[in-house]
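J.: Just so you know, the protein sequences line up as chains A and H, in that order. No gaps in the numbering here: position 229 of the first sequence is 229 in my numbering, and each next residue is one more. No gaps in the numbering here: position 445 of the second sequence is 1024 in my numbering, and each next residue is one more.
Don't read these hints as lab results, they were simulated from the structure. It is possible that part of the hints are untrue.
Ranges between beta-carbon positions, derived for each pair [what the hints assert, rightly or not]: (1) H/D979 x A/D539: 55 to 61 Å; (2) H/K605 x A/G458: 51 to 57 Å; (3) A/V68 x H/Q827: 22 to 28 Å; (4) A/N94 x H/D979: 55 to 61 Å; (5) H/N788 x A/D539: 42 to 48 Å.
Computed list of lysine to aspartate or glutamate pairs in EDC-like fashion (alpha-carbon distance at most 16 Å, straight line) [as the list claims (entries may be wrong)]: (6) A/K102 x H/D809; (7) H/K888 x H/D733; (8) A/K411 x H/E808; (9) A/K220 x H/E694; (10) H/K772 x H/E694; (11) A/K219 x H/E694; (12) H/K702 x H/D938; (13) A/K411 x H/D809; (14) A/K219 x H/E686; (15) H/K598 x H/E808; (16) H/K993 x H/E982; (17) H/K799 x A/D419; (18) A/K220 x H/D1016; (19) H/K799 x A/D319; (20) H/K945 x H/E1139; (21) H/K956 x H/D1113; (22) H/K679 x A/E231; (23) H/K860 x A/E338; (24) H/K816 x A/D91; (25) A/K462 x A/E444; (26) A/K354 x A/E551; (27) A/K220 x H/E999; (28) H/K647 x H/D637; (29) A/K102 x A/D539; (30) A/K102 x H/E808; (31) H/K1158 x H/E1142; (32) A/K364 x A/E338; (33) A/K364 x A/D522; (34) A/K364 x A/D539; (35) A/K359 x A/E551; (36) A/K102 x A/E316; (37) H/K919 x H/E998; (38) A/K359 x A/D400; (39) H/K950 x H/E929; (40) H/K799 x A/E406.
All C-beta atoms, glycine included, are put in the ideal place defined by N, C-alpha and C.
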Amino acid sequence: MRHLIAYLIPFCRQYRFYFISGFLLILLTNSCAWIIPQYIKHVINHLNIASNEAFINPALFWIITLTVIKCIGLFGSRKILINASRHIEFDIRNQLFGHLLKLPLAYYHRVRTGDLMSRLTNDLESIRSVMGPGLMYSLTTLTLLIFVVPALLQISPSLTLFSCIPVLGIPFVVRKIALSIHHQYFKVQQTLGALTSLVQENFSGILLIKSAGLIENEKKRFANLNQQNLEQNIRLGQIYGLFYPGIMFLVGLGTVLFLGWGGYGVMSGRMDLGSFVAFHVYLGMLMQPLGALGWALNLFQRGTASWLRLQSILNEPHDQSQSLIISPFPSLAAGTLEIRNLHFQFINNGFSLKNITLKIPLRKKIAIIGPTGSGKTSLLNLLARLYPAPSRTIFLNGIDLNQLAESSFRKSICQVPQDSFVFADLIKNNISYPDFSLPQIIIEAAARQASLDDEIHGFPEKFEQEVGERGITLSGGQRQRTTLARAFSKNPEILLLDDCLSSVDAATEHTILTALNEQFTDLTLIMVSHRLSSIQNFDKIFVLDHGQLIEEGTHPELMSQHGLYQRTFMIQQLEKELI
Amino acid sequence: MSPFHEERPLQWKDLQHLKRLLLLLKPFIPHLILSLLLIILSKMLVLSGPYLLKLGIDHGIIADHLNKLWLFTSLFLSVLLMDLGFTFFHTWLLTWIGQKVMYNLRENLFAHVEELSLSFFEKNPVGRLVTRVTTDINALSELFSGGVVTIFGDLFLIVGIIIIMLKLNIILAMLTLCSLPFLLMGTVVFRKKARQSFSEIRIKLARLNAYTQEVLSGIKVIKLFHSQEDTLGHFGKINDQYRQSYLQVIGHYAWYLPLVEITSAVSLILILYYAAQTIEKNILSYGTLVAFMSYVNYFFHPIRDLAEKYNVLQSALSASERIFQLFDTQDRIPMMSAAKTGLGPLQTIEFKNVSFRYDLKNWVLKNINFKISRGEKWGLVGPTGSGKTTIIKLLNRLYDTTEGEISINGENIKNIAREELKSVIGTVWQDSYIFTDTVLENIRLWNSGHALAQIEKHLKNLQIQNLLLRNEKTYHYILQEKGSTLSGGERQLISFTRIVVQDPQLFILDEATANIDLQTESKIQEILNYIIRDRSALIIAHRLSTIQRVDRILVLNHGEIIEQGSHHQLIRHPGLYQKLYHLQRLNQKFHPKTSLAAIEPTA
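Extracted from the complex, chain A is given alone in its bound form:
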């Protein structure tokens, strides 16, 4: 709780005008609320006096005027304080999101997206509830108590003592029940979760379930979980069943005690009838705010738990792949990209690279091949600096890769990953991403170089075509070529392609590579591929196996070595003949 408050204080300071004016309006509301019953008392005490208009009419006028003022205060404080909480929510969400963007890729392998989403939605909302309704209701109730309790005491201390005992219990009852509702709701969600997984499991494993004759059995398992869900839900219903009636009972109990003791007081002449009625009105005024206070207490408790979950995101250190020493970016007109004695172990998938040493001449076409799991992608990811390489292992024209400034690095070096990720946006924006102001002519050229332009012209909206979530309206090959065009439009000096043409047929791949050769003469191309026929005339080919560099050379050189390359090539030739 303390940490949450410490975190929120700067926001309170930033929005202090909201909070101060909100608080003043609450004071206004409550003071009106406090005065009104005085006038009611006044009116009632004058009811049985003949020609009472002179007393009553001004009182009635004040009652309605004060109610209007009270309502203005009510409207204003509510709007201002809740607005402030939305502004703070907005700020925190931006802060969290900005922080997430700066976390290293390894973090994203460690946490599940669903988990992050739930923190950014549910947990953030419960923090907002603390700042919004939580703060508003507690301020309202506490100031109201400050006004009303003395008023009650003034009318009758003994009556106050009696009738307020059950009423003051309301916040505690509300808080307790709200808490157990929360717990029970969690249990309901758990059983529902179990039920959902069973259904999910059934429908995805339906082949086995049907062929192994498990349907009756699955119905039984389902019935069991369904029963559990039913029971937890009914238990939740029980708690709800206690909630509202319980509060109404406490409220009613206050009225009973008031009627008995207060009535006795009036009869014994210790209190006048007007005070008696005014007391009743005051008592009624306290009920709803006290219930809200209990609810607010519950919000604080939940907010604290949510804060711990958000804090764990904010405590994650930023991506520190880039070293503190920044070297000037070298010219890439000539020279080498060199790897020296590189050992690397990926924690997340167990792939590793063992003692790789190789030299990539710039402005040449380079291929990396090897069986699945041989470390090709890992190597490419290190070259693209998606993961930090150990220092002094990769050098671009003699400068440690880690010492290059991020912005200039990304401007010159582009990678197209295996999983072609497209955004739910226009095809045009997917190509120009992230610079949507790129001229149409560049976008079209990039699409043409990626052999995508014909298909784009076939779309009803051409370049303005929406591709849908995750590019659902595109085929696998179209998605791959979209990401390829995205890289082309940046006109990079070094282009890393990670097997990103696997869903494209051989002829199209050939067209794309030819275009690359002709139009990007200065380009350093490093390409991972499974299709050996497409890389035959590359300047240099590296062969990896089990994380090690086992062969290197040009196609004719490698063919004469009778190693993995030559065998793989022959198998692929045979395959082509087969069908």
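Go by the hints and put chain H onto chain A.
T.: Structure of chain H alone, referenced to chain A:
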């Protein structure tokens, strides 16, 4: 489900859905009547509260009868206690009914979907079906638990207050009720505005969440293009739109409460003003005055509740439309009423002129004929998409043949009872599916006829105890389908062990294409040999080595049998099999682990 779904106005066809929904309540009519009774009783108690207060004031305090004051005070107390009991009981009862209805509905829907044919599952995304059985049914909960019956309670309360007021003092009642239309109108307008704003919020929230999700899953691209700044800027815009939509709704909310306050203040003024004119003439009593002041505050709740109910009904109806649509789907494999059981020992399995297609255009299988006799082992080979898996799906009767017939011991499988067929055939599919349950249940598939001791014995015989019970050394360790606690090889081992335990007469294998480690691989070979030793078998092989010793091999291409014979006959005859064989041999020389699948041509 898209956020745009729920917000459509009610239509004529909704009445039919509503009728079907209400029919679900039929078994609970006595319970419903009881809860209705309870609600009305409790509302009567609520109504009597201010009246008792009035009696206490008029006959106790004003009339100076202490005994009467005590009487009404204790009456008030007992009313409170009874109300506590009644309200609790009817809330509980209604929850119970609602949950029970959903329980039944969910059970029926699940059973219905489970019986639908395999092709239905291939056409419909799993996620959507799961939503029908879980989320959509949950959307009905409010309708059943809170909706139907409490509407009567709310109406009763409103009518009750009006009647009591009229009885107490007609003129005062009329004055008070003057404000009611304003409150009613205000509430309707408020609900409408709030509904519109909330659908706006839902749209904005969906957009915000979709973008967040997209960025979190595409974080690699954002890093590669160094576009953190742009992304944050775009996010800020979407976040702002979401904020704006909320700021709007706060406006709507903030004026509603003041409206309620002002209407009740106006009523109060009218009451007091009237009282000032009349009390002295003894037309109005003090008690009535106080009671009126209380009743005025009672209006607000039921009116707001009634407005709320419309929303509940609306979302329940759109969910029920989707649920009933699924219920009305009748895509299932027909079952004979007098299906055969007791086939006796397996003699023959025969495909006679079997052809199959999903749609009207493309034949998946064309005129397949073969006959496997008792104890024979057959192999199936062919490129991806040649129809191998379809053959074993037909044999499992996951589809029915389009033409021709499949028979076991001369009996068409359409006439054989489902349980009988399952006990004769045991299939290992390409994907080894693991259920979220213990190792034990995953092996015996909940057939409690197989005792733990028996399974232990099997695993011991096969010498795979150590492989399957590696770390945990217990049969009660819970496995997970997702979150890969098992390697691919271990999953396959479990699939094979299932067959050993099941002990079917015909073994069918759709060999997995995934590479697994050598140790597990050789273990699987061993178990495979054990399984097929004294059983009939039909094996789809990707590694030709798996089927070198089978009695007969069928080579499939484009849904037709293009070659058949023993391994030795086929390799001598130039054709697809021979080519596949050479290719695989070449490959295996260099990569002993590579399966045919890795180099299998795609048709």
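J.: Each hint should be assessed against the structure and marked as holding or not.
T.: Here's how the hints hold up against the structure:
1. H/D979 x A/D539: 55 to 61 Å: holds, 59 Å
2. H/K605 x A/G458: 51 to 57 Å: 56 Å Cβ-Cβ, so the 51 to 57 Å window holds.
3. A/V68 x H/Q827: 22 to 28 Å: With Cβ atoms ~24 Å apart, the hint holds.
4. A/N94 x H/D979: 55 to 61 Å: 58 Å Cβ-Cβ, so the 55 to 61 Å window holds.
5. H/N788 x A/D539: 42 to 48 Å: With Cβ atoms ~47 Å apart, the hint holds.
6. A/K102 x H/D809: holds, 13 Å
7. H/K888 x H/D733: holds, 11 Å
8. A/K411 x H/E808: Holds: A/K411 and H/E808 sit about 15 Å apart, inside 16 Å.
9. A/K220 x H/E694: holds, 14 Å
10. H/K772 x H/E694: At roughly 45 Å apart (the allowed maximum being 16 Å), H/E694 and H/K772 break the hint.
11. A/K219 x H/E694: This hinted pair holds, its Cα atoms lying about 10 Å apart.
12. H/K702 x H/D938: holds, 12 Å
13. A/K411 x H/D809: Measuring from Cα to Cα gives roughly 15 Å; hence the hint holds.
14. A/K219 x H/E686: holds, 8 Å
15. H/K598 x H/E808: Given that 16 Å is the threshold and the Cα spacing comes to 55 Å, the pair is violated.
16. H/K993 x H/E982: holds, 13 Å
17. H/K799 x A/D419: Given pair H/K799, A/D419 holds - Cα atoms ~10 Å apart, limit 16 Å.
18. A/K220 x H/D1016: The given pair, whose Cα atoms are some 14 Å apart, holds under the 16 Å limit.
19. H/K799 x A/D319: holds, 13 Å
20. H/K945 x H/E1139: Cα-Cα ~5 Å, so holds.
21. H/K956 x H/D1113: holds, 10 Å
22. H/K679 x A/E231: Cα-Cα ~10 Å, so holds.
23. H/K860 x A/E338: Violated - the C-alpha atoms of A/E338 and H/K860 are around 107 Å apart, more than 16 Å.
24. H/K816 x A/D91: holds, 12 Å
25. A/K462 x A/E444: holds, 11 Å
26. A/K354 x A/E551: At roughly 14 Å apart (the allowed maximum being 16 Å), A/E551 and A/K354 satisfy the hint.
27. A/K220 x H/E999: Measuring from Cα to Cα gives roughly 20 Å; hence the hint is violated.
28. H/K647 x H/D637: Satisfied, since the Cα-Cα distance of roughly 10 Å is no more than 16 Å.
29. A/K102 x A/D539: Measuring from Cα to Cα gives roughly 37 Å; hence the hint is violated.
30. A/K102 x H/E808: Judged against 16 Å, a Cα distance of about 10 Å means the pair holds.
31. H/K1158 x H/E1142: holds, 12 Å
32. A/K364 x A/E338: holds, 14 Å
33. A/K364 x A/D522: Holds, at about 8 Å.
34. A/K364 x A/D539: This hinted pair holds, its Cα atoms lying about 6 Å apart.
35. A/K359 x A/E551: holds, 13 Å
36. A/K102 x A/E316: Within the cut-off at roughly 10 Å; holds.
37. H/K919 x H/E998: Holds, because 10 Å separates the two Cα atoms, which is no more than 16 Å.
38. A/K359 x A/D400: holds, 14 Å
39. H/K950 x H/E929: holds, 4 Å
40. H/K799 x A/E406: holds, 14 Å
In summary, the numbered hints that this structure violates are 10, 15, 23, 27 and 29.
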